[in-house]
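Be aware that the sequence shown starts at 24, since it is given in the numbering used here, and climbs by one per residue.
Note that these hints are calculated values from the structure, not bench results. Don't take each hint at face value.
Quick list of the computed label-pair ranges, beta carbon to beta carbon [said to hold, decoys possible]: (1) Asn190 to Glu41: 43 to 53 Å; (2) Ala47 to Arg142: 22 to 32 Å; (3) Leu279 to Trp313: 17 to 27 Å; (4) Met121 to Val259: 16 to 26 Å; (5) Ile97 to Ser60: 19 to 29 Å.
Note that the Cβ used here is the ideal one computed from N, Cα and C, for glycine as well.
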Amino acid sequence: MLQQKTAGYKALCTLRSEGDFSVAWTTMEELRERTDSIVARFLEERFEVAKELGGGYLLNELVDRAIRTSEGEIMDQEGLPESERLALVQALDRQNIMMGLYGRYVEILLPVIHEVAQREQREVRVLELASGSGGLALALGEEVQRQQLRVSVTGSDIVPAFINEGNIHASKKKLSVRFRLLNAFDMSDLEDEGFDLVVMSQSLHHFTPGQLAVIIDQSVRHSTRGFIGIDGYRSVLLACGVPLIAGLQGFGSFALDGLTSARKFYSELELDIIAEIATGGRNHSVDCLWPLSVLTVMKG
24 MLQQKTAGYK ALCTLRSEGD FSVAWTTMEE LRERTDSIVA RFLEERFEVA KELGGGYLLN
84 ELVDRAIRTS EGEIMDQEGL PESERLALVQ ALDRQNIMMG LYGRYVEILL PVIHEVAQRE
144 QREVRVLELA SGSGGLALAL GEEVQRQQLR VSVTGSDIVP AFINEGNIHA SKKKLSVRFR
204 LLNAFDMSDL EDEGFDLVVM SQSLHHFTPG QLAVIIDQSV RHSTRGFIGI DGYRSVLLAC
264 GVPLIAGLQG FGSFALDGLT SARKFYSELE LDIIAEIATG GRNHSVDCLW PLSVLTVMKG
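Start from the sequences, fold in the hints, and give me the full structure.
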């Protein structure tokens with residue numbers, strides 16, 4: 024319902040005909056500003072198309088606009104004590120374990136990891152951005168160890184408490200996983216580390232379209248294979264269901280963050296636009312693996 028593909032494709036055709044995608048960018052700031060501007064224009068144009076189509080198309084658009092928000096999650100607020108931030112990501116970790124999401128994420132990543140291993144004939148190096156509690160990096164580390172695959176996994180975040188927590192768990196489980204501080208907007212210091220695949224899960228909606236475009240550009244630029252982003256699928260069902268599930272833990276701030284996040288999930292066409300602006304081409308795909316959206320951006 025919230026994907027609005029009919030109106031969205033018509034709006035996208037209008038933007039293409041006006042040359043919005045043909046203007047080059049040279050700096051990360053230009054990329055961020057251009058992407059934010061084009062996605063905002065796309066949503067406005069989609070609304071105009073929906074009004075012309077009328078009926079259910081307009082109703083769906085009005086519902087989307089009522090749900091959509093640009094508010095930030097509590098866990099991202101400046102000045103929030105690291106202990107509270109850590110408590111929130113630990114609550115998310117418990118929810119992911121309960122729902123079996125880490126297993127789903129690993130299933131999505133393993134085929135690409137196998138492809139890289141076959142192509143490169145060496146250890147595959149995977150970097151996770153915005154890893155939070157480190158649940159995905161640890162789950163992937165456990166699975167590649169179980170399968171005896173030559174894979175090293177690095178989790179990263181900008182919050183020191185998350186890094187310390189992740190390294191403690193990796194050490195206890197004796198996994199080939201490490202965690203390090205990293206600003207996802209500037210990966211220039213990764214040039215000598217030779218990561219093959221950069222991944223991000225459940226965090227795409229925490230970033231504006233422009234910020235996400237910068238992350239995609241940096242990820243593709245500083246990896247041998249590319250970027251995979253996994254997030255919730257934008258839908259009314261998840262907009263209602265995510266906060267309800269989050270509320271089961273009786274943690275008010277986490278439940279509120281669940282509601283905010285579900286309102287911010289990107290539609291498939293928004294992710295498609297962001298990736299195209301970031302890469303300047305069509306070497307990417309956006310897939311629905313319910314209840315997830317998966318953005319894959321590979322080098323040619």
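A quick look at each hint next to the structure:
1. Checked against the hint of 43 to 53 Å, the C-beta distance between Asn190 and Glu41 comes to roughly 49 Å, which is consistent with it.
2. In this structure, Ala47 and Arg142 meet the distance hint of 22 to 32 Å, their C-beta atoms being roughly 31 Å apart.
3. Distance hint for Leu279 and Trp313: a CB-CB separation of about 25 Å, consistent with the stated range 17 to 27 Å.
4. Distance hint for Met121 and Val259: a CB-CB separation of about 22 Å, consistent with the stated range 16 to 26 Å.
5. Here the CB-CB span from Ile97 to Ser60 is close to 28 Å, well matched to the stated 19 to 29 Å.
Checked against the numbered hints listed earlier, the structure breaks none of them; every hint is satisfied.
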